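Trainee: Protein chains in written order, with our numbering: chain D, 745 to 993; chain C, 1353 to 1486.
Since the hints were derived computationally from the structure, they do not count as laboratory data. Please note that a few of the clues may not be correct.
To be verified - Looking from chain D toward chain C, a few residues come up when the C-beta cut is under 7 Å (computed):
id	residue
1	P773
2	Y785
3	P796
4	F798
5	I818
6	A821
7	L983
8	G986
Unchecked claim - Every beta carbon over 10 Å from chain C, so not counted as near; a handful from chain D, in silico:
id	residue
9	A777
10	I851
11	A861
12	I894
13	E911
Values in this document were obtained by computation on a predicted structure and should not be read as measured data. All C-beta atoms in this analysis are idealised placements derived from N, C-alpha and C, irrespective of residue type, glycine included.
Okay, here's what each chain looks like letter by letter:
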Amino acid sequence: MKIIALLVSVALGVILLVATNDLPEWGDPQSPASTHLSRYYIENSMEQTSVPNFVTAVLADYRGYDTMFETAVIFCAGITVLTILRRSHRRKKKDVQPRPCREGQDIILKSAARLIAPMMQLFALYVLAHGHHSPGGGFQGGVISGASFILLSIAYDLEMLLSRLKERTIMFFSGLGVLIYAGIGAICLLLGGNFLNYSSWSKILQVSEVEARSHGMLGIEIGVFITVTFIMISLYADLASGGEMDEGL
Amino acid sequence: MANFLEAVLGQYNNWAFIILLMIGIYAMIAKNNLLKKVIGMAIFQSAIILFYVSVSLKKGATIPIIAHGHGHDHGAVAHAIDAASYANPLPHVLMLTAIVVGVATLGVALAIVQKVNRVYGTIEEDEILEKIKE
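Please put together the full structure from these sequences, using the hints given.
Mentor: Here you go:
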């Protein structure tokens, strides 16, 4: 088996290496990947959406459908992990031996986590809100914000996190993010535009169509942020506790 | 030999991705432990992500964000944009997508591995096959 695997992977590698000879030179501005569509985005996205960050403009506006289903994929992954692992009946508390390390847990770790977590959440909001002008956006900010909750649940335990943030709340918000995204798109339909064409929001927001596209992008990024944050917490909580939702790691 | 070395060094980025790709696919096929297979999958994904990011590179170009783009005179900046001076944003967008899908598939894969371990008491493939035959 190992010999076959070695042969397959080496054969694949050789084929790909031969194929690399046909690739354009590395860093060539005239390579096929950098000419057709991406040139259009670079030259026009600022004029059409007033967002200086091309990546945000393409992600949230030109390829808005893609990103919407992307968010739906994360949501589905969260639900799938929940369905695979979650046990409906809890084991009785008496059966579970409290782990020895739980006693006298490190006070430095706890205090540090208490200090770091709010900073992380603030930074996550900055990354979200400043995604139009600097690297960042809903996915990146959401992961940072989710990580702050995961940090708390590692420093304390999962029970502490889940006593403040009920499982029901987590799943509610992860669905809400997708709903915000699709809702912003659907309101465009009601206002007479195409689905996810934010320029029709200009009628409500009282700004120009170009500005409306920029604001619409911020709106859907907020939806992505909420979904990613809560799905990250849900994935961690399920995987770390094996679906028990008890004390976690 | 000198020719070969030149060819390798001229395309060292592609060599790196292809070697990572080979490591990943070998781990996915040959490793017996399900967790190691999942790690192989993650390595495979990273190789492809790195490849796309390297495609987006242009010599002498900067990050795909317009410098001083958030002033009040949007229109004045817009018509002076040279496409060759910004990196290609499209592969970045596609890979942002791929990274997120990677996280989602990794989460689901880990959940399945945990479930397999709960049902069969092991994550070694041959031991699982034996238990299925019994």
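Trainee: Hint by hint, say whether it matches the structure.
Mentor: Hints, one by one, checked against the model:
Given hint, D/P773 at the interface with chain C, holds; its Cβ is 4 Å from that chain's nearest Cβ, closer than 7 Å. Evaluation of the D/Y785 hint against chain C yields a held restraint, the C-beta minimum of about 6 Å falling below 7 Å. Given hint, D/P796 at the interface with chain C, holds; its Cβ is 3 Å from that chain's nearest Cβ, closer than 7 Å. Given hint, D/F798 at the interface with chain C, holds; its Cβ is 4 Å from that chain's nearest Cβ, closer than 7 Å.
Nearest Cβ of chain C to the Cβ of D/I818: about 5 Å, under the 7 Å cut. The hint holds. Restraint check, D/A821 versus chain C: the minimum CB separation of about 3 Å is within 7 Å; hint holds. Taking 7 Å as the C-beta cut-off, the interface hint given for D/L983 holds, the closest approach to chain C being about 5 Å. Taking 7 Å as the C-beta contact cut-off toward chain C, the hint placing D/G986 at the interface holds, the least distance being around 6 Å.
Some Cβ of chain C comes within 10 Å of the Cβ of D/A777; the nearest lies about 5 Å off, and the non-interface call is violated. At roughly 31 Å, the least C-beta separation between D/I851 and chain C is larger than 10 Å, which holds for a residue marked as non-interface. Listed as outside the interface, D/A861 is consistent with that label: its C-beta sits roughly 21 Å from the nearest C-beta of chain C, beyond the 10 Å cut-off. Every C-beta of chain C lies more than 10 Å from that of D/I894, the closest at about 13 Å, which supports listing it as non-interface.
With 10 Å as the threshold on Cβ separation, the claim that D/E911 sits away from chain C holds: the shortest Cβ distance comes to roughly 16 Å.
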